[in-house]
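Participant: Going by the working numbering, the first residue of the sequence shown is number 1, and it counts up by one from there.
If you're looking for bench data, these hints aren't it; they were derived computationally from the structure. Incorrect hints may have been included.
With a Cα cut of at most 25 Å, we get these calculated DSS-like pairs of lysine-lysine [said to hold, decoys possible]:
#1 K350 / K373
#2 K273 / K330
#3 K370 / K213
#4 K213 / K244
#5 K223 / K244
Derived CB-CB ranges, DEER-like [said to hold, decoys possible]:
#6 D327 / P86: 37 to 47 Å
#7 K330 / K373: 19 to 29 Å
#8 Q267 / K373: 33 to 43 Å
Where is the CB? At the ideal position from N, CA and C, for every residue including glycine.
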Amino acid sequence: MRMLRLLKKILELDFALRGLLITSISSNRNCSQALPHVQPFLNPAVESRSVPQAVMAAIKVPSSGSFSRNPLVGSTSQNPALKPGPNGSVFISSGIPDLDKILGGGFCLGSLIMVMEDPEAPHHMLLLRNFMAQGLVQNQPLLYASPSKDPRAFLGTLPSPMLSQDNKPHDRVEQDKGLRIAWQYKKYFEEGEQTLDNRDNKLEYCNDFDLRKPLERHILTRKPIECISMEDSTIDSLRERCSKFLAQNPSKSCAGRIAIQSFCAPQLEYFNKDWDMVSFIKSLKGMIRSSDAVAMITFPHSLLSTSFSKRWQHLADILLSVRAIPDDDKELANLLTGYQEMVGLLNVHKVARINTQVPFVLEASTFSIKLRKRRSLVLECINQAPVDGSSGISYGTSAWSSELFIISFGMDNGC
């Protein structure tokens with residue numbers, strides 16, 4: 001009787017071990033290579049004799065369904081230069097924190113950004129410099145095309161990112177006064193500050209740039225920058241250079257940036273070839289859309305005819321325009337609050353719609369361009385001046401108000 005009980009326990013233990021082995025083997029597709037000594041347990045005949053059908057039905061090999069994890073999500077979240085967006089889109093920074101917030105996160109990978117220049121002021125260069133500097137700080141490949149003879153000299157004007165201690169209050173003197181009693185503990189505070197500084201120097205998605213401080217030389221030499229003088233090249237050679245640049249950077253981890261300044265400048269060889277320039281923009285947009293890169297083109301729209309200017313604006317995924325404001329316009333000064341701090345106006349005419357048919361709704365379309373402490377670029381919504389108490393009529397009823405809030409900037413609102 002005792003032998004029968006012992007034999008029964010041995011059989012139960014053997015049955016449990018067989019079930020555990022089959023469960024672990026079925027969850028591993030490469031079990032034949034990892035566990036060659038358990039091949040007898042994989043025989044269907046043995047499984048049918050030793051394991052009940054209910055147990056075998058419960059043991060299933062996990063299958064990869066339609067809701068499999070996207071491997072690009074993990075790589076995007078680990079890269080501080082990229083930000084995942086809605087509908088599978090990926091953002092890179094414009095180099096201006098306020099502009100990233102306005103556009104819903106930044107520039108979508110595969111988008112074409114076009115900026116209409118102001119013929120009276122070079123405010124478009126502020127957007128272009130920050131866009132290029134942000135890519136170089138994040139070690140992203142850059143192609144820069146300019147109508148000047150020496151485009152590489154422009155790299156010396158790119159701004160440098162501001163350190164976090166530049167935004168902190170200057171309370172070092174008060175702190176030193178507090179440490180006079182226990183001066184031997186001062187070194188520990190300095191070590192802690194160095195640790196915080198190293199932590200702040202890590203790559204960020206978007207940096208605040210100091211417009212008065214040029215970009216450090218080691219950042220410019222860290223990654224090769226391709227500079228093209230459009231004055232000495234044809235439009236076909238420019239297209240080939242852009243295609244080659246995009247082909248050399250197929251990885252999303254190092255999203256490329258293309259910056260083209262004043263594409264239809266008068267000194268260019270193809271200035272009067274309107275259809276050739278439209279064809280180039282179409283081909284560049286197609287190459288950008290099929291690659292992990294972003295292109296920004298600035299152009300003086302006043303030099304184009306109305307019909308071709310409309311075509312250019314229609315091809316853009318994101319359309320921006322800048323405009324300088326006069327210093328001594330008393331009517332505009334009465335219309336807007338903080339007029340003395342403004343250096344220009346930025347208007348958002350069009351926002352990219354990639355992987356969606358629903359347009360992104362902007363809170364406002366016109367923003368003031370300001371320089372905080374004459375160092376960093378700031379975009380703010382335009383605030384109308386308060387109502388005049390004597391007349392009961394707001395300053396916004398003037399002709400300047402209608403022109404300002406329609407915001408044509410020399411173009412119709414049809415795009």
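Participant: Now tell me, hint by hint, if it's right for this structure.
Facilitator: The hints, checked one at a time:
In summary, the hint linking K350 to K373 is not supported, as the alpha carbons are separated by about 30 Å, beyond the 25 Å threshold. Restraint check: the Cα-Cα separation between K273 and K330 comes to about 42 Å, which exceeds 25 Å; the hinted pair is violated. Among the hinted pairs, K370 with K213 is consistent with the structure: their alpha-carbon atoms are about 17 Å apart, no more than 25 Å. For the suggested pair K213 and K244, the alpha carbons sit about 33 Å apart, so the restraint of at most 25 Å is broken.
Under the criterion of a C-alpha separation no larger than 25 Å, the hint pairing K223 with K244 is consistent with the structure, at around 17 Å. Separation of D327 from P86 is about 42 Å and conforms to the stated range, judged on CB atoms against 37 to 47 Å. A hinted range of 19 to 29 Å for the beta carbons of K330 and K373 is consistent with their spacing of about 26 Å. Range check, Q267 to K373: about 36 Å between beta-carbon atoms, so the 33 to 43 Å window is met.
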